[in-house]
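Using the sequences and the accompanying hints, generate a full structural model.
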Amino acid sequence: MAKNIFMLRTKPEKIERFESFIEDKFIAIGWSKTGDLTGASTDVIREKLSSAYPSYEGQSFRTNFSMVNTFVNVMNAGDIVLVRKNGMVHIGEINEYTWKKDYIEDYMPHTRSVTWLNEVPFEEFNAKIQSLLKNIRTVCRFNGTWEEAEIEQYITGEKPKTTKLEDSEDLLKESLETLKYLMKNSEDETVRLEATKEILKLINK
Numbered sequence: 018m019a020k021n022i023f024m025l026r027t028k029p030e031k032i033e034r035f036e037s038f039i040e041d042k043f044i045a046i047g048w049s050k051t052g053d054l055t056g057a058s059t060d061v062i063r064e065k066l067s068s069a070y071p072s073y074e075g076q077s078f079r080t081n082f083s084m085v086n087t088f089v090n091v092m093n094a095g096d097i098v099l100v101r102k103n104g105m106v107h108i109g110e111i112n113e114y115t116w117k118k119d120y121i122e123d124y125m126p127h128t129r130s131v132t133w134l135n136e137v138p139f140e141e142f143n144a145k146i147q148s149l150l151k152n153i154r155t156v157c158r159f160n161g162t163w164e165e166a167e168i169e170q171y172i173t174g175e176k177p178k179t180t181k182l183e184d185s186e187d188l189l190k191e192s193l194e195t196l197k198y199l200m201k202n203s204e205d206e207t208v209r210l211e212a213t214k215e216i217l218k219l220i221n222k
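Here my numbering is used: the first residue of the sequence shown is 18, the next is one more, and so on.
Keep in mind that the hints were calculated from the coordinates and are not lab data.
It is possible that part of the hints are untrue.
Ranges of calculated distance between the beta carbons of each label pair, as one might list FRET restraints [claimed, not checked]:
(1) K102 to K218: 50 to 56 Å
(2) N152 to E211: 54 to 60 Å
(3) A19 to S67: 32 to 38 Å
(4) E113 to E136: 19 to 25 Å
(5) G52 to Q147: 31 to 37 Å
(6) I153 to D60: 22 to 28 Å
Yeah, the Cβ is synthetic: ideal placement off N, Cα and C, and Gly gets one too.
What follows is the structure, encoded as C-alpha cells:
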C-alpha cells in the first residue's frame with residue numbers, strides 16, 4: 018500500500034480554511050495569480066510564478082516554487098495528506114489537481130478533492146511523522162518510507178505487523194519474567210535452581 022505522504026497547512030494566503038477543507042472535502046493552496054496550472058510542467062510553473070510574483074527572488078523564489086510544484090506535480094491521486102488542527106490530525110486520500118475559478122476570489126483556486134479517512138491525535142504518530150507535521154512550509158512531502166511512517170494502521174485499522182526479531186525479543190522478556198518469578202517464589206529448591214540456570218543461559222546468549 019506504499020504511497021507518498023504529505024503535510025499541508027490550512028492557511029492559503031494566510032486565511033484559515035480548515036473547516037472548509039474538512040466539510041467540503043478538499044485541500045488548496047494560494048498563489049492564485051499564476052492562473053490554471055493543469056498539466057503544467059515544472060518549467061511552466063517556474064515561468065508563471067516568476068511572472069506573477071516578481072518580488073520572489075533567490076531562495077524565496079525557490080521555496081515558493083517548490084511548494085507550488087509539489088502540490089501540482091509531486092502529489093498524485095491516491096497519495097496521503099495530513100492536515101493538523103490543534104492536537105488532532107486528519108488523514109485523507111487525495112485526488113487529481115483541479116483549478117477552480119469559483120475559488121479565485123477566496124485566494125485558493127489550486128485544489129485537490131480529498132476523501133477523509135480518519136482523525137488521529139497528534140501524539141499517536143511516531144517521531145518522524147510528528148516532525149513532518151511541524152514543518153513550517155505550506156506543503157511538504159515525507160522523505161521516509163511508507164513503513165517508517167507507520168501510518169497504515171490509522172487507515173486500515175490494522176496494527177503494523179511485528180518482525181520476527183520483535184517477536185523473539187518479546188518472548189525472551191516474558192521467559193525471563195517467568196523464570197525470575199520461579200527463582201524467587203517457588204517452594205521447590207530444585208525448581209529455583211533450574212530457573213536460575215535458565216536465566217543465566219538466556220543472559221549469556
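Here is what the structure says about each hint:
no.	hint	result
1	K102 to K218: 50 to 56 Å	53 Å, holds
2	N152 to E211: 54 to 60 Å	56 Å, holds
3	A19 to S67: 32 to 38 Å	35 Å, holds
4	E113 to E136: 19 to 25 Å	24 Å, holds
5	G52 to Q147: 31 to 37 Å	36 Å, holds
6	I153 to D60: 22 to 28 Å	27 Å, holds
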